[in-house]
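The chain contents come next:
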Amino acid sequence: MDKRIVIDPGKCDGCGICELVCAAGRSGTWHPALSRIKVKKDPIWSLNLPVVCSHCEDAPCGSACLMNIIDKDYSTGLTLRVLSRCIGCRACQVSCPFDACTYDYRSEKVVNCDLCEGRAPECVSCCPTGALRYERAEYFGEEKLKAAARAAIIEEAEPVPDKDTPGLKRSGGVK
Amino acid sequence: MRTVIIGNGVSGNKAAETIRRQKPDWEVVMISREALPAYSACALPDCLAGWVSRDDLFIKSFSDYRELSIRTEFGKEVRLIDTASCEVVLEDRKIEYDRLILASGSRALIPPLTGVMLEGNFILKSVFDLERIMAHRPKQVVIVGSGNIGVEAAEALELRGCEVTIIEMLDRVMPKVFDEKPSAIIRRLLEENGVRVLTGEKVMEVRGSGKVEGIITDAREIPCDTVIWAVGVRQNVETAREAGIDIGSLGGIKVNSRMETNIEGIYACGDCIESFSLVTRRPELSLLWPSAKRQGEIAGLNCSGKPAEYEGSFTLVVEEICGKNCVSMGSTGGMQNDIQLQVIENEDKDCYFRLLLDNGRIAGFQGIGHNEGLGAIMALIKTKTQLSEVKRVLETRELLTMVPWFAGAARYLMGGGDSYEF
Chain A
1 MDKRIVIDPG KCDGCGICEL VCAAGRSGTW HPALSRIKVK KDPIWSLNLP VVCSHCEDAP
61 CGSACLMNII DKDYSTGLTL RVLSRCIGCR ACQVSCPFDA CTYDYRSEKV VNCDLCEGRA
121 PECVSCCPTG ALRYERAEYF GEEKLKAAAR AAIIEEAEPV PDKDTPGLKR SGGVK
Chain B
1 MRTVIIGNGV SGNKAAETIR RQKPDWEVVM ISREALPAYS ACALPDCLAG WVSRDDLFIK
61 SFSDYRELSI RTEFGKEVRL IDTASCEVVL EDRKIEYDRL ILASGSRALI PPLTGVMLEG
121 NFILKSVFDL ERIMAHRPKQ VVIVGSGNIG VEAAEALELR GCEVTIIEML DRVMPKVFDE
181 KPSAIIRRLL EENGVRVLTG EKVMEVRGSG KVEGIITDAR EIPCDTVIWA VGVRQNVETA
241 REAGIDIGSL GGIKVNSRME TNIEGIYACG DCIESFSLVT RRPELSLLWP SAKRQGEIAG
301 LNCSGKPAEY EGSFTLVVEE ICGKNCVSMG STGGMQNDIQ LQVIENEDKD CYFRLLLDNG
361 RIAGFQGIGH NEGLGAIMAL IKTKTQLSEV KRVLETRELL TMVPWFAGAA RYLMGGGDSY
421 EF
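Which chain is which? The protein sequence lines are A and B, in order. Going letter by letter, the first sequence gives residues 1 to 175 in the working numbering. Going letter by letter, the second sequence gives residues 1 to 422 in the working numbering.
Watch out, some of these pointers could steer you wrong.
[Stated by the list, open to error] The list that follows gives simulated cross-link-like pairs (lysine-lysine, DSS-like), each with its CA atoms no further than 27 Å apart:
1. Lys254(B) to Lys76(B)
2. Lys324(B) to Lys254(B)
3. Lys60(B) to Lys72(A)
4. Lys306(B) to Lys125(B)
5. Lys11(A) to Lys391(B)
6. Lys181(B) to Lys349(B)
7. Lys109(A) to Lys324(B)
8. Lys125(B) to Lys41(A)
9. Lys382(B) to Lys176(B)
10. Lys76(B) to Lys125(B)
11. Lys72(A) to Lys23(B)
12. Lys176(B) to Lys324(B)
13. Lys72(A) to Lys94(B)
14. Lys181(B) to Lys391(B)
15. Lys41(A) to Lys382(B)
16. Lys349(B) to Lys176(B)
17. Lys382(B) to Lys72(A)
18. Lys324(B) to Lys41(A)
19. Lys382(B) to Lys306(B)
20. Lys176(B) to Lys125(B)
21. Lys60(B) to Lys382(B)
22. Lys94(B) to Lys109(A)
23. Lys125(B) to Lys109(A)
24. Lys384(B) to Lys181(B)
25. Lys23(B) to Lys94(B)
26. Lys41(A) to Lys349(B)
[Said to hold, decoys possible] Derived list of chain B stretches under chain A, where covered just means 3 residues or more per stretch with a C-beta under 8 Å from a C-beta of chain A:
27. 39-45
28. 50-64
29. 96-109
30. 313-324
31. 369-383
Note that these hints are calculated values from the structure, not bench results. The beta carbon of each residue, even a glycine, is placed where N, CA and C say it ideally should be.
Can you make the complete structure from the sequences, with help from the hints?
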């Protein structure tokens, strides 16, 4: 299995360096809206949730694409696009359950993370907290997430959550 | 083993590719009426608007078929399917098959009215139709029907400087995928952009001598030089019916969830079949690109001996109308008439959305001007999740780090409050 970006939201402090690096490196501007990795922020509970293309096995973006330009690379397992033929219809963006497609308003095309064209992703090497890692993993998918979620419930069942510091109990994450 | 695929649309091609991947040594033959490689019919209005060039419509080139070692019999009509001797009869020869996949698609309807044969009547279903419209140089256009094709063609021709009128028989535009309120917003968008929209009007006749001069409805007469019929499609099932293949009550080829017809070794997929809805489990004609692609894949997998089940068709319509992203997914209020769907809606100055609930389960979504977090909604509709379940995760933030994509959908699920803006 090839390497993927592994996200640990518990370690993310929401600095947004990954977004800037991605936007600068891949689209040439320091505009975080053009980043392919996005940090969703919850102001109330101060949760920071980085989201990036997870290269699904049965990619919904690929089946939605009206131009058939999104396909799995069967050697690396990555979900790649032939961007030159993208018509910017946004069907892939709307069908991605992880909200991991980015609409590039300048070229009017939709892009996703391709792990910096298969080289080591820049966002990972710039992440100051270690929330992003570039690792081998056996399987990324719902099952694994569910298993992780179940494990987390059991771990946290014992101590009663402190009402004054909600959310701080959360550590660890999608591994 | 020889597999013959009738049709060169998205489902036929997906089936061919799937078989090639599963069985590299099988012989695959594709037969198609059009002598063109596969192209995206969804992008035809974009090409009409000039956003996409004609060359960019094509998904494959002839050399791609050769690379996949798929034999092509393009530009040929299927006369007969002989299920007894397992042969497909073309005009000039017969092709024997071991497995047959029918992906014959659909054709645009033109109602049998006076004047529909006059020069200036068009449909928009193929590259050929597109070229004919372009060559005609339309100026005053009437589009009959306000489905996806109708609305997209209207916007495209508007951009080309034509005077465009849409006539819709029902009471609102895009009646199949949008409810009254969002439909009214789309109508306003179209009208603001200079498209004239007439609803609740029935076309009676096309007037003209030699060529189209006007169109007569039950309320008025509109002068025009071009009529584009976008009233719907009919399944291409005639050869299948003659061969003894069962046709369903909606007019499509009847298949099971493995895309098998009633005759062993014959599969069907794409626009020509009658599939079932993922949300309601009822039979429906899907006619959408993603469904056709998935059906082709399922047919290809089962055909090459790998069992696969179709999960059902899912309505997903994404339409950029006058710069606004209009999205409809899952059920609409009109589609489940007998079940009372609960509606949660939110409107601020440029955006609108409505969430439809079936007994608390998220069943449908329609939005205008919203782009983000919709995939999460789609996944929730597909898994028939209870809204209360999602709300609990979002309110307590319990396990939210495990499902961060819920955060993107929070603004829709929590009723549009600012406090849930992520």
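Hints and how they fare:
Among the hinted pairs, Lys254(B) with Lys76(B) is consistent with the structure: their alpha-carbon atoms are about 25 Å apart, no more than 27 Å. For the given pair, Lys324(B) sits about 38 Å from Lys254(B) by alpha-carbon distance, which is inconsistent with the 27 Å threshold. Distance restraint check for Lys60(B) and Lys72(A): the Cα-Cα separation of roughly 17 Å lies within the 27 Å cut-off, and the hinted pair is therefore satisfied. Under the criterion of a C-alpha separation no larger than 27 Å, the hint pairing Lys306(B) with Lys125(B) is inconsistent with the structure, at around 33 Å.
Taking the CA atoms of Lys11(A) and Lys391(B), the gap is near 25 Å; set against the 27 Å cutoff, the hint holds. For the hint pairing Lys181(B) with Lys349(B), the CA-to-CA distance comes to about 14 Å; that is within 27 Å, so the pair holds. At most 27 Å may separate the alpha-carbon atoms for a hinted pair to count; Lys109(A) and Lys324(B) meet this at roughly 15 Å. Proposed proximity of Lys125(B) and Lys41(A) is contradicted: the alpha carbons are some 44 Å apart, above 27 Å.
This hinted pair checks out: Lys382(B) and Lys176(B) have alpha carbons roughly 19 Å apart, not beyond 27 Å. With a CA separation close to 18 Å, the supplied pair Lys76(B) and Lys125(B) stays within the 27 Å bound. Distance restraint check for Lys72(A) and Lys23(B): the Cα-Cα separation of roughly 18 Å lies within the 27 Å cut-off, and the hinted pair is therefore satisfied. About 19 Å separates the Cα atoms of Lys176(B) and Lys324(B), which keeps this hinted pair within 27 Å; it holds.
With a C-alpha separation of about 36 Å, the suggested pair Lys72(A) and Lys94(B) falls outside the 27 Å cut-off, and the hint is violated. Distance check on the hinted pair: Lys181(B) and Lys391(B) sit about 25 Å apart at the alpha-carbon level, within 27 Å; holds. For the hint linking Lys41(A) to Lys382(B), the alpha-carbon distance of about 26 Å falls within 27 Å, and the restraint holds. With a C-alpha separation of about 25 Å, the suggested pair Lys349(B) and Lys176(B) falls inside the 27 Å cut-off, and the hint holds.
The hinted pair formed by Lys382(B) and Lys72(A) meets the criterion: a straight-line CA distance of about 23 Å does not exceed 27 Å. For the suggested pair Lys324(B) and Lys41(A), the alpha carbons sit about 26 Å apart, so the restraint of at most 27 Å is met. Between the alpha carbons of Lys382(B) and Lys306(B) the distance comes to roughly 24 Å, so the proposed pair stays at or under 27 Å and holds. The suggested pairing of Lys176(B) with Lys125(B) holds, with an alpha-carbon distance near 19 Å, which does not exceed 27 Å.
Using a Cα cut-off of 27 Å, the hinted pair Lys60(B) and Lys382(B) is violated, with the two alpha carbons roughly 31 Å apart. Between Lys94(B) and Lys109(A) the alpha-carbon distance is near 45 Å, which puts this suggested pair outside the 27 Å criterion. The straight-line distance between the Cα atoms of Lys125(B) and Lys109(A) is roughly 25 Å, inside the 27 Å bound, and the hint therefore holds. Of the pairs offered as hints, the one joining Lys384(B) and Lys181(B) holds, with about 24 Å between alpha carbons and a cut-off of 27 Å not exceeded.
The straight-line distance between the Cα atoms of Lys23(B) and Lys94(B) is roughly 24 Å, inside the 27 Å bound, and the hint therefore holds. Straight-line distance between C-alpha atoms of Lys41(A) and Lys349(B) comes to about 24 Å, which keeps the hinted pair within the 27 Å bound. Evaluation of the coverage hint for the region 39-45 of chain B: fulfilled, as 3 residues show C-beta separations to chain A shorter than 8 Å, against a requirement of three. Only when three residues or more bring their CB closer than 8 Å to a CB of chain A does the claim for the region 50-64 of chain B stand; here the count is 4, and the claim holds.
Against chain A, the region 96-109 of chain B contributes 0 residues with a C-beta closer than 8 Å to a partner C-beta. That does not satisfy the three-residue criterion, and the hint is violated. Against chain A, the region 313-324 of chain B contributes 3 residues with a C-beta closer than 8 Å to a partner C-beta. That satisfies the three-residue criterion, and the hint holds. A count of 8 residues in the region 369-383 of chain B with a Cβ less than 8 Å from any Cβ of chain A is obtained; the coverage claim is therefore met, three being the minimum.
The structure is inconsistent with the numbered hints 2, 4, 8, 13, 21, 22 and 29, although it conforms to all the rest.
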